[in-house]
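Novice: Chain A is already provided as a structure; the job is to place chain B on it using the hints.
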Amino acid sequence: MGDNKNKLSRREFLTAAGIGAATCVASAAAISPLLKLTNKFSLEEFLQKNYRELTPEDKKRIFKRLEREISKKYGVKAKISDPPPLKGVKYAMVINVGRCIGCRKCVYACMKENNNSRSPQVQYIRVMRMEKGKIDLETAVHDYPESEAGQTDKYWYMPVQCHQCEDPPCVKVCPVSATWKEPDGIVVVDYNWCIGCRYCLAACPYYGRRFNWAEPQIPKNELNPDMAYLSNRPRYKGNAEKCTFCLQRTRNGRYTACVEACPTGARKFGNLLDAESEVRKIIDKERVFILKEELNTIPKMYYVFSKA
Amino acid sequence: MNRNVKLWLFITVPLCCLLVIVFIVSGFTFKSPVPPAKPLSSKWYIPETPRENIIENEVVVGNCWICHAMWVPIPDPNVIRPIGAHPEVILKHGKNKRCYNCHMITDRSRYTSDDGKGLLYTNVAQLCGRCHGIVYRNWLNGTHGVNRGKWAPKKPFDVTKFQCNYCHDPHQPKYKFRHMAPPPTWDKKFIRTKKVEIFKEGEM
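Sequence lines, in order, name chains A and B.
Position 224 (the first sequence) corresponds to 224 in our numbering; numbering is contiguous.
Position 191 (the second sequence) corresponds to 191 in our numbering; numbering is contiguous.
Hints are computed from structural coordinates only; laboratory data are not their basis.
What you are looking at is a predicted structure, and each value in this text was computed from that prediction instead of being measured.
It is possible that part of the hints are untrue.
What the hints assert, rightly or not - Result set (SDA-like, lysine to any residue): computed pairs, CA atoms no more than 25 Å apart in a straight line:
| hint | chain 1 | residue 1 | chain 2 | residue 2 |
| --- | --- | --- | --- | --- |
| 1 | A | K90 | B | V159 |
| 2 | B | K188 | A | L201 |
| 3 | B | K43 | A | P219 |
| 4 | B | K194 | A | D153 |
| 5 | A | K134 | B | K195 |
| 6 | A | K307 | A | M128 |
| 7 | B | K176 | A | E146 |
| 8 | B | K188 | A | Q121 |
| 9 | B | K31 | A | Y236 |
| 10 | B | K161 | A | I283 |
| 11 | B | K150 | A | M128 |
| 12 | B | K31 | A | A214 |
| 13 | B | K38 | A | S119 |
| 14 | B | K174 | B | G133 |
| 15 | A | K237 | B | V34 |
| 16 | A | K281 | B | N123 |
| 17 | B | K176 | A | G265 |
| 18 | A | K285 | B | V159 |
| 19 | B | K195 | A | V97 |
| 20 | B | K195 | A | E148 |
| 21 | A | K64 | A | L54 |
| 22 | B | K38 | A | S71 |
| 23 | A | K73 | B | A37 |
| 24 | B | K150 | A | L201 |
Said to hold, decoys possible - Among chain A residues calculated to face chain B with C-beta under 8 Å, some are:
| hint | residue |
| --- | --- |
| 25 | S32 |
| 26 | V107 |
| 27 | R118 |
| 28 | D143 |
| 29 | A149 |
| 30 | E222 |
| 31 | S306 |
By construction, the Cβ of each residue, glycine as well, lies at the ideal position given by its N, Cα and C atoms.
Same shape as in the complex, but just chain A:
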């Protein structure tokens, strides 16, 4: 009796083996899409540390690898730099909504400068169109057609982007510290460290963050080769990203792309700690409005209602 119990019959063995083989093949087939990732995924990238733990040698090596990857993917010789934050500087932007005509030039200048994905479209700036005489964001429209732009007698326009908060809610919620506030007030993201959980998108009260739902696509001839690690290098699928006040430009003394593109001069940019700067003069002299001030995030984006 005991012998019979332990013995495996031929039929039982074959069925068990059949099931085993089928499950093995099924699970192998199920994970087969991972094989496609081998081209995009390297061990070096896997072992890369958070940006803030990198030594200068590490950075040099990583930047070289990224440049190689970009030139392989886009056929463009890019240069990844890492401009350090300037001392004694806090960046701020002032938008004069009295003079904004809603032409959306800033939106596309930003896309071009920051190598944003063209398809699916990622835009850092939203221009809200509101009825004249009302400040009601609930009825604001941000996908108004071109024909409704520039009609300053009917509507008024309010561009909204990342407010570079002094107490940023997006940084608080990040579970892996992939985003932080730099000493000059710019909130940045380490795209290689981001896990794509989208907590920051949910936490931001201004909808200042964007998510790459698909592989970002940029035409090769439109890629901006002047890149910085923390700002405008090409992003990956599953990355959160945001406006960085064009730190590859501003830390080298230049204006941001949106300020430069604005045809009416509604955008002003400068150093908040310098009493002689453009933004300080406006904040001192004009009526300044802060969007969602009650949330106490202390944004460094100010709105001014001034016609003259």
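Specialist: Leaving out everything else, chain B in the frame of chain A:
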């Protein structure tokens, strides 16, 4: 092995085989639903003020004296606009209809100024400031107007501060908008088709 187990095997083994086929086929035939990227039009992002190209390409500055000093006599100062003078210029500057309010009557390369010496083309903002004082003060402070270059200028040529006529046509100073960029593109289900309802006061 009892019968129940055997019955389940008849279901599970073919199911596994089917899944294998489904996974393999779907892995090879997967197509991204994202459409290919379209290039941006350079009109949407190239920085320009409304009259920048016109100023740089069309206006010849400082050559008015070729005609005005040699052949055209100095007109009567009481005339608002001499007949037949520059018919292509359409003047829509409000009450300011007299040519010689701005253009100096004795030297047409210059503009009028309070001290009578006349202003050169490069200082045209001072001319506008004679009437539009508040805007002129704001422009000096940097709250009105467009700057290009660097946000923290250290050398004199680090920053370009545009004069009034780079945006406003002096003869028709009302701002003219040139290029408008299209709205963001979304999936079709997100595109607005109806007019947005706006609450009127007292409805709530």
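Novice: Which of the listed hints are not met by the structure?
Specialist: When the structure is compared with the hints, numbers 11, 24 turn out to be violated.
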